[in-house]
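*Asks:* Each chain, written out:
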Amino acid sequence: MAEGAKAAGINVVDWVDERTSLSGGARWMMFRKVPKGTNWFYTLGSATMFAFLSQAVTGVFLAMYYRPDPAGGAYESIRYVTNDVFLGQFVRGMHKWGSSVMVILVFLHMGRTFFFGAYKYPRELNWVIGVVLLILTMVMSFTGYLLPFDQRAYWATIVGVNINGTGPLIGPYLSDFLRAGPEFGATTLSRFYAIHMLLLPGALIALISAHLYLVAKLGTTAPPWIKAEQSSELRKAEA
Amino acid sequence: MLLPDKHTQHKSKYTADRMIPGAFEGETVTRRRFMTVSSQAMGGIAAASFLLPALGFAIGPIFKQPPHFWEDIGSTEDFTNNNYVPVVITEAYGIGEAGKTTAYVRQHNDAIDTDIYDRHTPYIAISTRCAHLGCPVRWVDAAERFICPCHGGVYDLLGRRVGGPPVRPLDRFPTRVKGDRVELWSGRFSVNSELKRFSPRDPGETVDGIGQYLYPSRPSARKPF
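Sequence order for the protein chains is A and B.
If you're matching positions, the first sequence starts at 1 in our numbering and goes up one per residue.
If you're matching positions, the second sequence starts at 1 in our numbering and goes up one per residue.
So here's chain A without its partners, still in its complex pose (with noise of 0.2 angstroms):
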């Protein structure tokens, strides 16, 4: 019984195998070779992925219960899902939590990128995608924070605005594009609701898998107090 059950879990995942040839990706993926001193530090990466995971299976669900209407119904969908949802507090708790604790991961793996010295050849590129992903995840936290459309979000959300209009000859504009108008308004609200939840979520996974995609490609790099080891037949020879 249990055998007949391996084979055909072994038959499913070859016949699949066969079509697709995943399983060289996925060793190519995931069984790479990383330079001695790797740490603990080294797993602030996959931290912040997973807590971006996390952020979005919640929002989906959260989505399930969310109506982005600005005439009370915003919050009190959000009063709904908080008080009267089935494990409703704990999910919105996750979501709410999640996002500083993302926000907290991405500068800490910053941190380790830039202390280590691993944002040099030939990594600049994962830098500047990176950069862009703490934008991104920034502009997350900032349109994410209106939705709740209480008075802490309603003043929160223009004084943010409105720090964004002060940049020179632009700023004017920006703030006009992002309330949707010269004043928040009827639409701004689902305006920053489509921002969080389908803009971001795909430019934001678009450019995680690219990160990824040279994480794997260039390898990690050593802690910086690893120093470069001569095999012992090399140092004979140039002694």
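If you are wondering where the hints come from, they were derived from the structure by calculation, not from laboratory data.
A virtual CB, placed ideally from N, CA and C, is assigned to each residue, including glycine.
Any given hint could be a false lead.
[Said to hold, decoys possible] Which chain B residues face chain A? A few, computed with CB under 8 angstroms, are given here:
#: 1; residue: Gly26
#: 2; residue: Gly56
#: 3; residue: Ile59
#: 4; residue: Pro66
#: 5; residue: Glu91
#: 6; residue: Gly96
#: 7; residue: Lys100
#: 8; residue: Leu133
#: 9; residue: Cys135
#: 10; residue: Pro200
#: 11; residue: Asp202
#: 12; residue: Pro203
#: 13; residue: Ser220
#: 14; residue: Ala221
[Unchecked claim] Negatives, chain B to chain A, calculated, CB over 12 angstroms:
#: 15; residue: Glu27
#: 16; residue: Leu52
#: 17; residue: Val88
#: 18; residue: Thr101
#: 19; residue: Arg106
#: 20; residue: Asp156
Given the coordinates of chain A, assemble chain B onto it according to the supplied hints.
*Replies:* Structure of chain B alone, referenced to chain A:
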């Protein structure tokens, strides 16, 4: 057959001269090249046909001025010329309470008002939107100051900054008198530190000196008169 050396010989623009198989007399572009360019152009046109309207859809509100109205704010007897009375007005429609804002209103007073008295401001209506980052200021009677709760902006009786981070005085609304009723126009205007009038700017944007050019007037928010 002798093939011409590509590097030394001058390249003809005719494919027949370049000895490309299947070339026509007088043909300047290979069929392979023509197919490549035309299929890429068609892809570009197809993408532009949904991207450009979507982009216009998203940035359209930048160019559109929302409607403003005269709003009745009370009787002429409700206001004095030496102290402010708060009135609630609607600035954005369709979002319930969130679209409402407060203005402080008093009669124009030649003894204290330094700006010109004209038909646009028989009553001085000061917006409560802080000129720093847009929090709501309140009038504190004892101190005779407008005070912002967020970052400590302080303004005097005329709405001019006397302390804290704001970069210009508080915005104002045009007013008019109809019979014994006072009406307020929901489209605001901004003033510089000399209370000279400008088209409405967002908070945090100065209109003094070079500021009026660094933070230009927008098509969505024109001067109300």
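*Asks:* For every hint, state whether the structure bears it out.
*Replies:* Comparing the hints with the structure gives:
1. At its closest, the beta carbon of B:Gly26 sits 46 angstroms from a beta carbon of chain A; the interface hint therefore is violated under the 8 angstroms criterion.
2. The interface hint given for B:Gly56 is broken, as the beta carbon of that residue sits about 12 angstroms from the closest beta carbon of chain A, more than 8 angstroms.
3. At about 6 angstroms, the closest approach between the beta carbon of B:Ile59 and any beta carbon in chain A falls short of 8 angstroms, and the interface hint on this residue holds.
4. Hint status for B:Pro66: holds, given a least beta-carbon distance of 6 angstroms to chain A, under 8 angstroms.
5. The interface hint given for B:Glu91 is met, as the beta carbon of that residue sits about 6 angstroms from the closest beta carbon of chain A, less than 8 angstroms.
6. Because the closest C-beta pair between B:Gly96 and chain A is about 4 angstroms apart, less than 8 angstroms, the hint holds.
7. Interface hint status for B:Lys100: violated, as the beta-carbon distance to the closest one in chain A is roughly 11 angstroms, over 8 angstroms.
8. Taken as an interface hint, B:Leu133 checks out: its beta carbon lies about 4 angstroms from the nearest beta carbon of chain A, inside 8 angstroms.
9. Here the hint on B:Cys135 is kept, as its CB sits about 6 angstroms from the closest CB of chain A, short of 8 angstroms.
10. Because the smallest distance between the Cβ of B:Pro200 and any Cβ of chain A comes to about 7 angstroms, under 8 angstroms, the interface hint for this residue holds.
11. Hint status for B:Asp202: holds, given a least beta-carbon distance of 4 angstroms to chain A, under 8 angstroms.
12. The beta carbon of B:Pro203 is positioned within 8 angstroms of a beta carbon in chain A (closest approach about 5 angstroms), and the interface hint is therefore held.
13. A hinted interface residue such as B:Ser220 counts as satisfied when its beta carbon comes closer than 8 angstroms to some beta carbon of chain A; here the least separation is about 4 angstroms, so the hint holds.
14. For B:Ala221, the interface hint holds, the least distance from its beta-carbon to any beta-carbon of chain A being 4 angstroms, beneath 8 angstroms.
15. With a least CB separation of 42 angstroms from chain A, B:Glu27 remains clear of the 12 angstroms interface cut-off, as annotated.
16. Interface exclusion of B:Leu52 from chain A stands, the closest Cβ pair being 16 angstroms apart, more than 12 angstroms.
17. For B:Val88, the non-interface assignment is confirmed: its Cβ lies about 15 angstroms from the closest Cβ of chain A, beyond the 12 angstroms cut-off.
18. At the 12 angstroms boundary, the C-beta of B:Thr101 falls inside the reach of chain A, the nearest C-beta of that chain being 9 angstroms off.
19. Look at B:Arg106: its CB is around 24 angstroms from the nearest CB on chain A, clear of 12 angstroms, so calling it non-interface holds up.
20. Against chain A, the non-interface label of B:Asp156 holds: every CB pair exceeds 12 angstroms, the least being about 22 angstroms.
The structure fails to meet hints 1, 2, 7 and 18 from the earlier list, while all remaining hints are met.
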